[in-house]
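A.B. asks: The task is simple: from the sequences and hints, build the whole structure.
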Amino acid sequence: MNFSVCKGILAALFLIVLASGCATAPKSYDYTAFREAKPRSIVVLPPLNSSPDVKATYSMLAQMSYPLAESGYYVLPVSLVDAAFKENGLSNAAEVHAVPTAKLREIFGADAALYVEVKEYGSSYRIISSETAVAAEARLVDLRTGQTLWTGSARSSSAENNNNNNNGLAGMLIGALINQIANSVSDKSHTYAGITSQRLLTAGGGQGRLLYGPRNAKYGQD
Amino acid sequence: MKFVLTTRRALAGVVASAALLGGCAAPAKSIYGWGSYQQQVYDHFRGDGRSPQDQLASLQQDLQTIQSKGEAVPPGYHAHLGLLYGELGQPDQMRQQLLAEKELFPESATFMDFLLKKMPAKQGEVR
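Taken in sequence, the protein lines are chains A and B. Residues in the first sequence are numbered from 92 upward in steps of one, following this note's numbering. Residues in the second sequence are numbered from 578 upward in steps of one, following this note's numbering.
Keep in mind the hints are simulated off the structure, nothing from the lab. One or more of the hints may lead you astray.
[Unchecked claim] In silico DSS-like links for lysine-lysine, alpha-carbon gap of 27 Å or less: (1) B:Lys606 / B:Lys679; (2) B:Lys679 / A:Lys194; (3) B:Lys646 / B:Lys606; (4) B:Lys695 / A:Lys194; (5) A:Lys177 / B:Lys679; (6) A:Lys177 / B:Lys694; (7) B:Lys679 / A:Lys309.
[What the hints assert, rightly or not] Over the 10 Å line for every Cβ pair with chain B, so calculated as not near, a few chain A residues: (8) Tyr122; (9) Ser141; (10) Asp144; (11) Phe176; (12) Pro191; (13) Gly200; (14) Tyr206; (15) Arg230; (16) Gly299; (17) Arg306.
For every residue, glycine included, the Cβ atom is placed at its ideal position computed from N, Cα and C.
C.D. replies: Written out as structure tokens, the structure is:
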């Protein structure tokens, strides 16, 4: 099998994939700055929290390494990064988010920083249905230039599954009661924070998603 | 040699394309073996549950599993182990883990060196 044959096969397969409808029409998200910056490593800052639940910041912070690393980036160890901020007297996320990008680059050596804000975290109790939801917004900033490379947002909710069960009012009321217990007993919000993290930070597919990083085999192909 | 490499790359491409054809929603194989890393990090952050000893034991056990399966150790894993050793007053072990992180991921060098420099000098070490 010579090289040009391989190339031909690849090109043919690529066309088939395109034609089969997997690839939806790309939305016009401007990746110009992102593509030029080619960040390899990301320092994730403790997220700001505008929800009433104080657990939101660290619940999210603990679960963002997975999607970012699997997308192909080196993720600075979140626990040690957080400890370094605290040792330097930066005890909350707002103070950390105000640190100049040049200083972050100097200490952590990361190409980019991820600034996240948790907009929604936890359970809302209603009579008919309780919902556990986590929503967050993220901004990737180049630490060498201070330029924003990418922004995104995601939400996940227990209502995504519950909406299918229509067992009449009585069933719904029982469902709401069970949901409330389940939502408070197990750390359900933390589970949804994990889902939201993955939706927010898993690369691929264009349409405003994060681009693949150099440690993913699909780097440069999206 | 060049021919072999090219062929292998092309084959990888064919396999990847075939995987795409096989189903759009098929999850990609993960790059790393994670064990319970994120759960241990969360336990560490919460600080009100399991002890650092227990967190460390879980991570060490998972590490063995990850390595025995031939999976790659993810970013931050060794560094977080280092932090736990530091909390338990074992600086030599901590240093070893930070160096392991740096070796596995050169991208971490600046931060690992920053942390290593802050650590007390090893006994008998001239700095």
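A.B. asks: For each hint, tell me whether it holds in the structure or not.
C.D. replies: Hint check:
Taking the CA atoms of Lys606 (chain B) and Lys679 (chain B), the gap is about 25 Å. The hint holds against a cut of 27 Å. With a CA separation close to 21 Å, the supplied pair Lys679 (chain B) and Lys194 (chain A) stays within the 27 Å bound. Between the alpha carbons of Lys646 (chain B) and Lys606 (chain B) the distance comes to roughly 14 Å, so the proposed pair stays at or under 27 Å and holds. Our distance criterion of 27 Å between C-alpha atoms is met by Lys695 (chain B) and Lys194 (chain A), whose separation comes to about 17 Å.
With a CA separation close to 22 Å, the supplied pair Lys177 (chain A) and Lys679 (chain B) stays within the 27 Å bound. Distance restraint check for Lys177 (chain A) and Lys694 (chain B): the Cα-Cα separation of roughly 18 Å lies within the 27 Å cut-off, and the hinted pair is therefore satisfied. Distance check on the hinted pair: Lys679 (chain B) and Lys309 (chain A) sit about 24 Å apart at the alpha-carbon level, within 27 Å; holds. For Tyr122 (chain A), the condition that its CB be more than 10 Å from all CB atoms of chain B holds, with the nearest at approximately 20 Å.
Against the 10 Å criterion, Ser141 (chain A) stays outside the reach of chain B, whose nearest CB is about 19 Å from its own CB. Every Cβ of chain B is farther than 10 Å from the Cβ of Asp144 (chain A); the closest lies at roughly 13 Å, confirming the non-interface assignment. For Phe176 (chain A), the requirement that its beta carbon stay farther than 10 Å from each beta carbon of chain B is met, with the minimum near 12 Å. At roughly 16 Å, the least C-beta separation between Pro191 (chain A) and chain B is larger than 10 Å, which holds for a residue marked as non-interface.
Here Gly200 (chain A) does not stay apart from chain B, with its beta-carbon only about 2 Å from theirs, under the 10 Å limit. Annotated as non-interface, Tyr206 (chain A) keeps its C-beta farther than 10 Å from every C-beta of chain B; the closest such distance is 18 Å. Its beta-carbon lying about 21 Å from the closest one in chain B, Arg230 (chain A) satisfies the requirement of being farther than 10 Å from that chain. Distance to chain B confirms Gly299 (chain A) as a non-interface residue, since its nearest Cβ pair spans about 18 Å, more than 10 Å.
Separation of Arg306 (chain A) from chain B is inadequate, the least Cβ-Cβ distance of about 6 Å not exceeding the 10 Å criterion.
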